[in-house]
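Below, each chain spelled out in residue letters.
4 protein chains.
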Amino acid sequence: MSTSTQNTTDDPSQKHDATDLGIFETLESEVRSYIRNFPILFTKAKDHLMWDADGNEYVDFFSGAGALNYGHNNPDLQKKLVDYILRDGIAHSLDMATDAKKEFLEAFQDIILKPRLLDYKVMFPGPTGTNAVESALKLARKVKGRDSVISFTNAYHGMTLGSLAITGNAFKRTGAGLPLTNSVAMPYANYLNEEMDTLAYMEHFLKDNGSGVDLPAAIILETVQGEGGINVASLAWIRDLEDLCRRWDIMLIVDDVQAGCGRTGTFFSFEEAGITPDIVCISKSISGYGLPMALTLIKPEHDVFGPGEHNGTFRGNNLAFVTATETLKFWQDDSLTKKIRAQEKMIEESLGKIVQACPKLKAEHRGRGFMQGLVCHANGTAKDVCREAFSRGLIMETSGPNSEVAKLFPPITISDAGLKRGLELLEQAAAAVNDNL
Amino acid sequence: MSTSTQNTTDDPSQKHDATDLGIFETLESEVRSYIRNFPILFTKAKDHLMWDADGNEYVDFFSGAGALNYGHNNPDLQKKLVDYILRDGIAHSLDMATDAKKEFLEAFQDIILKPRLLDYKVMFPGPTGTNAVESALKLARKVKGRDSVISFTNAYHGMTLGSLAITGNAFKRTGAGLPLTNSVAMPYANYLNEEMDTLAYMEHFLKDNGSGVDLPAAIILETVQGEGGINVASLAWIRDLEDLCRRWDIMLIVDDVQAGCGRTGTFFSFEEAGITPDIVCISKSISGYGLPMALTLIKPEHDVFGPGEHNGTFRGNNLAFVTATETLKFWQDDSLTKKIRAQEKMIEESLGKIVQACPKLKAEHRGRGFMQGLVCHANGTAKDVCREAFSRGLIMETSGPNSEVAKLFPPITISDAGLKRGLELLEQAAAAVNDNL
Amino acid sequence: MSTSTQNTTDDPSQKHDATDLGIFETLESEVRSYIRNFPILFTKAKDHLMWDADGNEYVDFFSGAGALNYGHNNPDLQKKLVDYILRDGIAHSLDMATDAKKEFLEAFQDIILKPRLLDYKVMFPGPTGTNAVESALKLARKVKGRDSVISFTNAYHGMTLGSLAITGNAFKRTGAGLPLTNSVAMPYANYLNEEMDTLAYMEHFLKDNGSGVDLPAAIILETVQGEGGINVASLAWIRDLEDLCRRWDIMLIVDDVQAGCGRTGTFFSFEEAGITPDIVCISKSISGYGLPMALTLIKPEHDVFGPGEHNGTFRGNNLAFVTATETLKFWQDDSLTKKIRAQEKMIEESLGKIVQACPKLKAEHRGRGFMQGLVCHANGTAKDVCREAFSRGLIMETSGPNSEVAKLFPPITISDAGLKRGLELLEQAAAAVNDNL
Amino acid sequence: MSTSTQNTTDDPSQKHDATDLGIFETLESEVRSYIRNFPILFTKAKDHLMWDADGNEYVDFFSGAGALNYGHNNPDLQKKLVDYILRDGIAHSLDMATDAKKEFLEAFQDIILKPRLLDYKVMFPGPTGTNAVESALKLARKVKGRDSVISFTNAYHGMTLGSLAITGNAFKRTGAGLPLTNSVAMPYANYLNEEMDTLAYMEHFLKDNGSGVDLPAAIILETVQGEGGINVASLAWIRDLEDLCRRWDIMLIVDDVQAGCGRTGTFFSFEEAGITPDIVCISKSISGYGLPMALTLIKPEHDVFGPGEHNGTFRGNNLAFVTATETLKFWQDDSLTKKIRAQEKMIEESLGKIVQACPKLKAEHRGRGFMQGLVCHANGTAKDVCREAFSRGLIMETSGPNSEVAKLFPPITISDAGLKRGLELLEQAAAAVNDNL
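Chains A, B, C and D are the protein sequences, given in the same order. With my numbering, letter number 161 in the first sequence gets 161, and the count goes up by one each step, no holes. Numbers given in my numbering equal positions in the second sequence, counted from 1, plus 1000. Numbers given in my numbering equal positions in the third sequence, counted from 1, plus 2000. Numbers given in my numbering equal positions in the fourth sequence, counted from 1, plus 3000.
No wet-lab data here; the hints were simulated from the structure. Accuracy of the hints is not assured; some may be wrong.
Straight-line alpha carbon distances no greater than 30 Å define the calculated BS3-like cross-link-like pairs of lysine-lysine that follow [stated by the list, open to error]: (1) A/K329 to B/K1015; (2) C/K2207 to A/K144; (3) D/K3420 to C/K2079; (4) A/K207 to D/K3207; (5) C/K2383 to B/K1207; (6) C/K2144 to C/K2121; (7) A/K207 to D/K3362; (8) C/K2046 to D/K3079; (9) B/K1015 to A/K114; (10) B/K1362 to C/K2207; (11) B/K1420 to B/K1383; (12) B/K1207 to C/K2360; (13) B/K1338 to B/K1420; (14) B/K1121 to B/K1329; (15) D/K3420 to D/K3360; (16) C/K2345 to A/K207; (17) A/K15 to A/K114; (18) B/K1353 to A/K79; (19) D/K3207 to A/K362; (20) A/K360 to D/K3207; (21) C/K2015 to D/K3121; (22) A/K339 to A/K79; (23) A/K121 to B/K1345; (24) C/K2329 to D/K3079; (25) C/K2353 to C/K2114; (26) D/K3420 to C/K2383; (27) C/K2353 to C/K2338; (28) C/K2121 to D/K3383; (29) B/K1079 to A/K79.
Here are the computed distance ranges between Cβ atoms for each label pair [unchecked claim]: (30) C/Q2332 to D/E3348: 50 to 60 Å; (31) D/A3342 to A/F171: 52 to 62 Å; (32) B/E1203 to C/N2436: 25 to 35 Å.
A virtual CB, placed ideally from N, CA and C, is assigned to each residue, including glycine.
If we strip away everything but chain A, and leave its shape as in the complex, we get (with noise of 0.2 Å):
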């Protein structure tokens, strides 16, 4: 069918230049930021791999920061989606109900949430990450009548006001051009060195009632920090936090816009820790194909919000609901699980190649499950691996505050080949950075 219904107009290569950014640089805002890194007209994706106008192939180790988990135009949600379209199904629906979105919640039910003996109610905020952040902590406060929320240093929340408050990121703070309040930051687990024990530093500050720090809302938590460094959290770090939530009657929010949707190996990147979040926000790759959506997952007994007290215009995309439909199939055994597990190896063996082969770079290894960092310490090498990589061929982003990690984010779908490929590049990358230095 892909070959009937394609017209000749439409081919993107007959029409456009790979390399004839112009119109983004003369009417697009200065505010753009990925097309300085990858300066190149894309045109067509498939799984992990992309193509430019010109036909250059890419491999896709940034996987849209997250939202193309399940790799580009995946065969089965690309079928679906497009029979819905045709089938005339309703596109956008706000949070009426549509055949769509009651297909969504019920597999969500069936295979998310009972098998993982998950009790939540589903709220569908806009359709971003940040608006996941923002009625979660409206609910918090709400629920707990508290003013502050605690999160943790390095963390990434969203761009909003509210969730810009609980950001790390200064660039990004500044951006407010306003005082950001009603937040605290506490070290995340091992922020200063591996012995310092920042959860009996945070609670040294919840028991002394002349702290200065007031008891919270809640404390938002992200099981491993993607923006913030491929920051990685023990399991028993995450149980404490929980526990610790649990002696203060704080609520426990995880953010699992980036960590979740199998990016870990798991569906949620919590359930290794086996905790129960008061309040889970998800986004990103929850449709599977890159179309905006958003969950806030809330224990029933702190769903008080009335009706539309929080709303939003795209809360109801439909198309992305029959695309997330479609992906929990990969979760209804644990063979995607077991799958990245193996795979994890590999990207951690070519890492730790990397480590001893390119000593000029002071590199270490960091992740968990795929998600996976090359941190590189010699000053402005990550970018340096980032932009060689691309030169040859391979997509990744650096993260951190100082962008000093190479991060690795192939599709969890990706197949062994297609890894493999896309850690050879970057090996290639990795040593040509080492060899000028």
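Given chain A, put chains B, C and D in place with the hints provided.
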């Protein structure tokens, strides 16, 4: 084609019962709202029509709260969308360059900006109206180095913390769980009565060094307030506001999320007034297909965000770019505007009839273009009218702080026959409510 | 006695030159202000008179900005004060019990509260007006569980962060270096013109669920605005405001720091209006001798602070209690009120004369009791009048957002002769300014 | 003289009963606190002694919470004060020039600033510690153009909104009825234990662009925390903090309201550390007589307030200037410092004895100079010790977030005999509590 690809297992009418909403009631959060007004399972839509799972047909005078100005599943948009998907076009790209984005930018420049002599840089914030508003607020505060923003009574700008602070509705404001700060509410046009010059009043506060109202970074305006109750500012008032902003060096932000994209008859709602805002927020119908997308238009001299200073995962929703580009063809000439102007009169006549025929509603008519409302001063009757309408197969919502306005939002592409049918259903519904009082 | 204890080395006229202000110019911060208007070294004062180091005499129509309502060094107060000091009475006691505090409480109850049928608990905040206001704001927010407080245009309530947020003056607000939040400025009586009903306007915002103005914990009122420009609210307006507060369950705070302690003719400025505020802030002239002292009066049902929840080192300034007790004797009968009423007419006549005789000042007269002002609409002329007055030996300041009001604040205990002399100096000064225009 | 002027009707012992506190209980607000710990009517005081209305004598180890460092009614101060009053010196002058203010400025420059090579401009804020702190915060934010201020755990800076936001105590913070914003609490010296380098920890947050802690305008320090529990920062730590502030371009504010004016043995508490803060807040004992007065000392390059940008009615409390000038004579040589150093050892020995003799209190000793404390880790015993002490005629208060520290604040001018007597009473009280456990 629609028939051939339709596959029997996907036929929702064979799988669903229109009145079985159990999963929504048990699993979805209590925050759900429209499903309470329209308690039926919808499965299909085309143009101004929707169908439920039992095959019942509804006329849609709601249009996704303004996100479906071109109707449901417009065939031209549908074709472009499916073609793009099937040729493995990039679905999700953050702010990397794609052909879909390039074509949108070119068309937006050629068809929208240039003919209107508008010189704006285009920013792609997260794909929701509130994200466009948050980016506008951040930018204005950064440009002017001032904290405060003036918004108007009964304004609606979104549910994330920054936008909520400039939204009037008390119920929604309470949801924040926090004091909402750095904003001042000033009276909208004709807020108290027809006589009071609300701009002179506001300017008195600005002039008076002792007023306690700080010089704001920006004033944010909806030219017609949709959620606030179909309140219409006159073109003269809008021009005077722009003039006031110029005299006081205040940025003028037009939130055209709901009133833009043709809803008032022109692409931007402020065209008739002849003003040039410093920032324009666009979302809802910009994709034309109900797909999440938003734009922040910025005068070049204010384009001061650094790369990535505001960002978001779904700013590159390419499926939306594809349909958005296609919608711009409607604006290549003035035929759509003329059609809207003609049909606007049909709506006004119908509403005028109702006002006369249904005295117990104590109704009056308000509106501009295809933003029309029947204000029912008899307590609760606007809701009754909408309920009656739905029982007759017409979908309409209420707006206003006390849900006192029955709001007519038909697709701007609706046929005369479709419009007439909807208006007749409304007239019947109003008569029924009136008779029962 | 005054002679015998006076010691020649302490005679300032032998040690100081009235025009040598060098140490102030080199060592004191640029924030100093009144010394710039009255650039002379003062060394002695009695009743309504002050003397500089060279022995020049000045009539004081300033009265320490309302802190010296009973004149300088009132002999009865002076005697009590010296006796107390010499018998080693407790000078400073925080909120421990002392005889001086006990006697003040008893007298305040017997002479002030009981005869006026006022049932208030007395709180001693830190000994300044802003401290009384801060304690009132905290208490109101605690009692009502609401964040916001409504204040009026051109209000002046103090310079600490909470009070500054409800103060109108833009220059002073800027000093905060922070956004000033949790307050809303509403138009004072006759703010725009005589016709507009500013309370109806405010109530419209409260009634409208979409106004964007949250229900406040309290409304804070100065019955006459001193710093704001001698703006007088009518008794009817004040009563209507109390009524509005009752209907909306809003606490009414009267900031009587400047207008209280007899300045308007009665002990409290709100007595004539017949209202009973929920909280009253008192300071300035409560000690009667210019000694720092403040009171927060609280209806018993709102007395909800826990022990020490608001405190301060100098809440027990016993020297002030001693003189404060003595001042209350002025209020044992209505003789002082009658005297003020009579002299008020003298002031009004004199100002009326100036308005007539000095047309170039474009002056009008405003005021109530001994809070009188000559508003000079000709730009800068109020300052000129005060400068001319000072050169003639009359001390007066300006007020209003643009220093457009020459403010008459003679001691309320001034003799007819003293008042007449001051008024004549003012008339001469005004005439001189008028003639020079 | 004291006898001759004493007048029998003013003799409080003839008028009052020491245990009759009825008027306080019925008329004063529940916010009253010290009267609950010391429920007796005091009528007279001299040096380190107080007497109640029945003539009972008490040793004062409280010193007005540090406002009476030179004891009660110091005869030299008393004489100057009475002379000034009797010669009709100006009592209240706002910030007009008076001889009393001039003499204070000259003496402060000559005796305090010059010999210490300190170059400060002197600002007179309202006459309370919190007013000095509020003015310092405003100034620092204005100078640096940054919003946030770092304060320390268990800091106490005052009760008005700006100061309260940087005060640690949870009970007092709750009183605000508002979120307290624009401040960050960092761990004071030895906050968690002796090992953790709390400045390195804080600097880690400043260095890390992703920490979520914004670069502050200022860091505000008490060199010894009085209210916070007699927590002592080492001189090295204080120097390191100054160094950190210089490296990060952060203003260093020392709140010397309680620790200054000789309490630690030198006039400023930071002299021994050898640092030069950007701003110093002084109040409490600056007048030496318990009269309300405060100073904000500002490095000349930061003296950027405009005239009147911060003001206050009682900034010109001339009676306080008179006694303040007289106190400076104590600092013309180092005799007072030497005396304090000698007596400090007596206190430490006594506390050491108690720690040994009273094991059930689980006590330890903390302090510097005349800020000494007995920390009683056995729950509630510090309060018991103070209660027992009071019953024996010794006035002491507790401090610390859980009132776990018995705080010794004798006058710094106390005689050896007086100090010994107080310490013996404390030893007896501690023993009694220990024996009863």
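(request) Sort out whether B/K1345 lies within 30 Å of A/K121, counting only the CA atoms. (result) It is violated: about 46 Å lies between the C-alpha atoms, which goes past 30 Å.
(message) Checking one constraint from the list: CA of C/K2015 to CA of D/K3121, max 30 Å. Satisfied?
(response) Holds, at about 24 Å.
(message) Holds or violated: A/K15 and A/K114, Cα atoms, limit 30 Å.
(response) violated (50 Å)
(request) Compare the distance between the alpha carbons of B/K1420 and B/K1383 with 30 Å, and conclude whether the hinted pair is satisfied. (result) holds (21 Å)
(message) So if I understand the rule, the pair passes when the alpha-carbon distance is 30 Å or less; does A/K207 with D/K3207 pass?
(response) Holds, at roughly 27 Å.
(message) Does D/K3079 sit within 30 Å of C/K2046, going by the straight-line distance between their CA atoms?
(response) Measuring from Cα to Cα gives roughly 21 Å; hence the hint holds.
(request) Given the hint that B/K1362 pairs with C/K2207, test it: the Cα-Cα distance must not exceed 30 Å. (result) Holds: B/K1362 and C/K2207 sit about 20 Å apart, inside 30 Å.
(request) Just tell me: holds or violated, for the beta carbon distance of C/Q2332 and D/E3348 against 50 to 60 Å? (result) Between C/Q2332 and D/E3348, where Cβ atoms are some 56 Å apart, the hint holds.
(message) With the threshold set at 30 Å, check whether the alpha-carbon distance from C/K2353 to C/K2114 stays at or below it.
(response) Given pair C/K2353, C/K2114 is violated - Cα atoms ~41 Å apart, limit 30 Å.
(message) Next pair to validate is C/K2121 with D/K3383; report whether the Cα-Cα distance is within 30 Å.
(response) holds (28 Å)
(request) Quickly compare the C-alpha distance for D/K3420 and C/K2383 to 30 Å and report which way the hint goes. (result) violated (61 Å)
(message) C/K2383 and B/K1207 were given as a pair; does the straight-line alpha-carbon distance stay at or below 30 Å?
(response) holds (20 Å)
In summary, the numbered hints that this structure violates are 3, 16, 17, 18, 23, 25 and 26.
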